[in-house]
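**Q** So you can see what is in the structure, the chains are spelled out below.
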Amino acid sequence: MTDPHTTLSPLELESHDKTYLDANELVINMGPQHPATHGVLRVILRLDGEKVLGLECVIGYLHRGVEKIGEHRTYTMFNPYVDRMDYVAAVSNGLGYCETVEKLLNVEAPPRAQHVRVILTELNRIASHQLWLGTHALDIGAITPLFYTFRDREEILKIYEKYCGARLTTHAFRIGGLQYETYTGFEKEVKNFLTFFRPKIDEYEELLTTNRIWVERTKNVGTISAQHCIALGVTGPVLRASGVKWDLRKAQPYANYKNFDFEIPTGQNGDTYDRYLVRMAEMRQSVRIIQQAVDALPEGPIMAKVPKVMKPPAGEVYHSIEAPKGELGYFIVSDGSTQPYRVRVRPPSFVNLQALDVMCRGQLVADVIAVIGTLDIVLGEVDR
Amino acid sequence: MGAIIQYVQSYLSSDKTPGAAGNMFWALVYIMLVFGGLSVAVIAMNWLERKILAHMQVRLGPMRVGPHGLLQPIADAIKLLLKEDIMPAEADGFVFWMAPLIVVLAAFTVFVVVPFGTTHAITDMNIGILFMLGVSSLSVLGIVMAGWASNSHYPLMGALRSSAQMVSYEVAMGLAVVSAILMTSLNATGTGTLSMIGIVQAQQAQHEWFIFKFFPLGLIAFFIFAVAMVAETNRAPFDLAEAESELTAGFHTEYSGFRWSLFFLAEYSAMIAVSSIAVTLWLGGWLRPFPNMLNGNPWDQIFSFVPGVTFLFFAAICFYNTVRMPKHPLFRIQTIGLAGFGAVLGLIGVILFVPAVSTRIQDIFWFSAKVAGFMYLYIWYRGTFPRYRFDQLMQMGWKVLLPLGLGVLILTASVALLQQKLWHP
Chain A
1 MTDPHTTLSP
11 LELESHDKTY
21 LDANELVINM
31 GPQHPATHGV
41 LRVILRLDGE
51 KVLGLECVIG
61 YLHRGVEKIG
71 EHRTYTMFNP
81 YVDRMDYVAA
91 VSNGLGYCET
101 VEKLLNVEAP
111 PRAQHVRVIL
121 TELNRIASHQ
131 LWLGTHALDI
141 GAITPLFYTF
151 RDREEILKIY
161 EKYCGARLTT
171 HAFRIGGLQY
181 ETYTGFEKEV
191 KNFLTFFRPK
201 IDEYEELLTT
211 NRIWVERTKN
221 VGTISAQHCI
231 ALGVTGPVLR
241 ASGVKWDLRK
251 AQPYANYKNF
261 DFEIPTGQNG
271 DTYDRYLVRM
281 AEMRQSVRII
291 QQAVDALPEG
301 PIMAKVPKVM
311 KPPAGEVYHS
321 IEAPKGELGY
331 FIVSDGSTQP
341 YRVRVRPPSF
351 VNLQALDVMC
361 RGQLVADVIA
371 VIGTLDIVLG
381 EVDR
Chain B
1 MGAIIQYVQS
11 YLSSDKTPGA
21 AGNMFWALVY
31 IMLVFGGLSV
41 AVIAMNWLER
51 KILAHMQVRL
61 GPMRVGPHGL
71 LQPIADAIKL
81 LLKEDIMPAE
91 ADGFVFWMAP
101 LIVVLAAFTV
111 FVVVPFGTTH
121 AITDMNIGIL
131 FMLGVSSLSV
141 LGIVMAGWAS
151 NSHYPLMGAL
161 RSSAQMVSYE
171 VAMGLAVVSA
181 ILMTSLNATG
191 TGTLSMIGIV
201 QAQQAQHEWF
211 IFKFFPLGLI
221 AFFIFAVAMV
231 AETNRAPFDL
241 AEAESELTAG
251 FHTEYSGFRW
261 SLFFLAEYSA
271 MIAVSSIAVT
281 LWLGGWLRPF
291 PNMLNGNPWD
301 QIFSFVPGVT
311 FLFFAAICFY
321 NTVRMPKHPL
331 FRIQTIGLAG
341 FGAVLGLIGV
351 ILFVPAVSTR
361 IQDIFWFSAK
371 VAGFMYLYIW
381 YRGTFPRYRF
391 DQLMQMGWKV
401 LLPLGLGVLI
411 LTASVALLQQ
421 KLWHP
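Top to bottom, those sequences are chains A and B.
According to this note's numbering, the first sequence is numbered sequentially starting from 1.
According to this note's numbering, the second sequence is numbered sequentially starting from 1.
Watch out, some of these pointers could steer you wrong.
Computed from the model, here is a short list of chain B residues facing chain A with C-beta under 10 Å [to be verified]: (1) Gln57; (2) Val58; (3) Ile78; (4) Tyr154; (5) Leu240; (6) Gln392.
With a straight-line cut-off of 20 Å between C-alpha atoms, the simulated EDC-like cross-links for lysine to aspartate or glutamate are [to be verified]: (7) Lys308/A <-> Glu71/A; (8) Lys245/A <-> Asp261/A; (9) Lys399/B <-> Asp261/A; (10) Lys258/A <-> Glu108/A; (11) Lys219/A <-> Asp391/B; (12) Lys51/A <-> Glu267/B; (13) Lys305/A <-> Glu181/A; (14) Lys305/A <-> Glu108/A; (15) Lys162/A <-> Asp152/A.
Non-contacting residues of chain A with respect to chain B, defined by C-beta distances greater than 10 Å in every case (computed) [stated by the list, open to error]: (16) Ala36; (17) Glu50; (18) Leu55; (19) Pro80; (20) Tyr87; (21) Glu155; (22) Thr195; (23) Lys258; (24) Met280; (25) Pro298; (26) Asp335; (27) Thr338; (28) Ala366.
Calculated from the structure, these hints are not laboratory results.
Since the structure is predicted, the reported quantities are computational estimates derived from the model, not experimental observations.
In this text, a Cβ means the ideal position worked out from N, Cα and C, and glycines have one as well.
Produce the complete structure using the sequences and hints provided.
**A** Right under this line is the structure:
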């Protein structure tokens, strides 16, 4: 197999002098209705037999204009909308938005709220990685892990449901703190979940990590170097699997992640197998963080003093958090009124998706599916 | 009336297959029986696959149509028959129409020589195994035609994948088969046979299933065949031709309704067919287990009870679940249905205890039980393994299985020759 990185520029596809009418090439439209494009991603594949010569992503099938809606809602009203972007990690989205507005308002959530935020976001990271694992394995042909991960993800969703009534689009946080005080028995249930979940990670790994076919399907597939990752702005587990130790929870600590002891798992090869291992290790680290947070959960208020009608001072702010899929950033411009002048979201999926062409070129069709799975994209977030 | 009974009896006491005896009437009856039995087997397999897979994946599977979803395959069959028959506008009509027919014909024709018992085969050809391999590989033609005629990219890629895969795995499969056929020549005359019945009779004469012959040579040959047959039938982990997540549905993407169900029928009967080859060649066909260790009269007697006991066991499971059914008026019909199903199974079990029936039926029972074991393996594979990639599949076929098959063939031949020279000078 040729190294796809040697003569590559991301714009090569457009400047290619061959047209789509070339008879030696097979142009295949994968999506927007395809079982393995994780929603409505459309990929135009240019194939030579089974080999991928190049591909182009067509996005926008799920565009709802979330950013534009933000300009016509007050800061509080816009909060639930962000849950609909990355709907498998809604809590992280909410955290990012709330923290950004808090930064703009110059308030800080009280310690108890910070702790609960960490617990819920880390639970969300586990849930998101579980969904990724299930669908990724399903794409590669192993159908059973999907049901195992969904069975265990259910326990997390139950905690969410008890906490805020919603399972998917949680709207768990408010600007300045939490939406609700935790319910009675919250700590116990989280702890129970942790003891329940630890052996489950081993169960997933038992099915896949040493499975010969799984290793063959993922090793040296969709390899991306650290330089390419950085050049394309790829973040999250994809970047870390390429060997870059970059995690915003450590690099620019937000919430109160600096109080917790955890490691940043990294890979070396930047292939699909490493990304798999990194995410599996991240689940274990999340369990560690939740354990620490729930053990040291302080008493106290859950809301900071925030004005009823929020009128942040005119100015702009960028704040980003480490969402399960990578760097999730919000850029908010305030003109001093109750509504933001502009909300710009930097979604990890959208940026990571750029790497698809780099990762797939020179590989086979089956690898495209594996790479789409390993990038862990959510089209709601890509299109917004 | 008496004449008819006499005729039936005279047939039943004959020791030849209807085809070999030239009895066209009985051949027709057998064809009907095999066809009907196969259709029932496919329906049962459909239900079992969904149920077993579901239980492996912590879910229930079909539960609504009939007790424990027993009628689900029938409901599905009706749905498929009533569906609109869609043919893509750009498709090549005739080829599109022919493709499922060829696949289904190839899958069913092989059963002409499958020996369910000493006389329980439609016919006994002296080239039986060759006929089976030849006809079953015809189905690749239908698949390529389906992919081509659909005039669509995904089916075309699926068809190309499947043809490359089937052709390359047939080589390894053939080598494994040859090494088993070599073992049939280990007798006084030194002549082997290609007849399916002859192969089982050779195992009977040698008091050993070929899987245990020249340990581990027979086992390795069996293993090669067992891998190749999964690839040959396009099942997980070699289901690249219909890789759902890659090629939507592969070569049958554009097929729907009854045409699609023909592909489905062919896939399952092809699975049964290749399993039958494996059972015939290595697992002693219709012979009961352990002929080399547990022979003699008491063991024959004990093993003749197994078919009846098995059916009674299934009946007992049905009755146990009947008792556990919710006591709600909504479930009354389901409870009655399950009890009725159990009663039918129990009745079959009781009939199987009648010596006259049991002596003629137990061959079929043992054969089907062994094939059912393979069917379970197929489902198990599907629940466990991810899918191979195309190049890896080819690599495995040509670089692993083929040399292994050649080696086993040479070793088997040498060992057989040595044995012939040393023990039968």
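**Q** Hint by hint, note whether the structure agrees.
**A** Going down the list of hints, with the structure as the test:
no. : hint                  : in the structure
1   : Gln57                 : 4 Å, holds
2   : Val58                 : 5 Å, holds
3   : Ile78                 : 26 Å, violated
4   : Tyr154                : 7 Å, holds
5   : Leu240                : 8 Å, holds
6   : Gln392                : 5 Å, holds
7   : Lys308/A <-> Glu71/A  : 19 Å, holds
8   : Lys245/A <-> Asp261/A : 16 Å, holds
9   : Lys399/B <-> Asp261/A : 49 Å, violated
10  : Lys258/A <-> Glu108/A : 15 Å, holds
11  : Lys219/A <-> Asp391/B : 14 Å, holds
12  : Lys51/A <-> Glu267/B  : 28 Å, violated
13  : Lys305/A <-> Glu181/A : 16 Å, holds
14  : Lys305/A <-> Glu108/A : 9 Å, holds
15  : Lys162/A <-> Asp152/A : 16 Å, holds
16  : Ala36                 : 4 Å, violated
17  : Glu50                 : 6 Å, violated
18  : Leu55                 : 14 Å, holds
19  : Pro80                 : 32 Å, holds
20  : Tyr87                 : 21 Å, holds
21  : Glu155                : 13 Å, holds
22  : Thr195                : 19 Å, holds
23  : Lys258                : 39 Å, holds
24  : Met280                : 16 Å, holds
25  : Pro298                : 38 Å, holds
26  : Asp335                : 47 Å, holds
27  : Thr338                : 47 Å, holds
28  : Ala366                : 5 Å, violated
The structure fails hints 3, 9, 12, 16, 17 and 28 (numbered hints given earlier, in ascending order).
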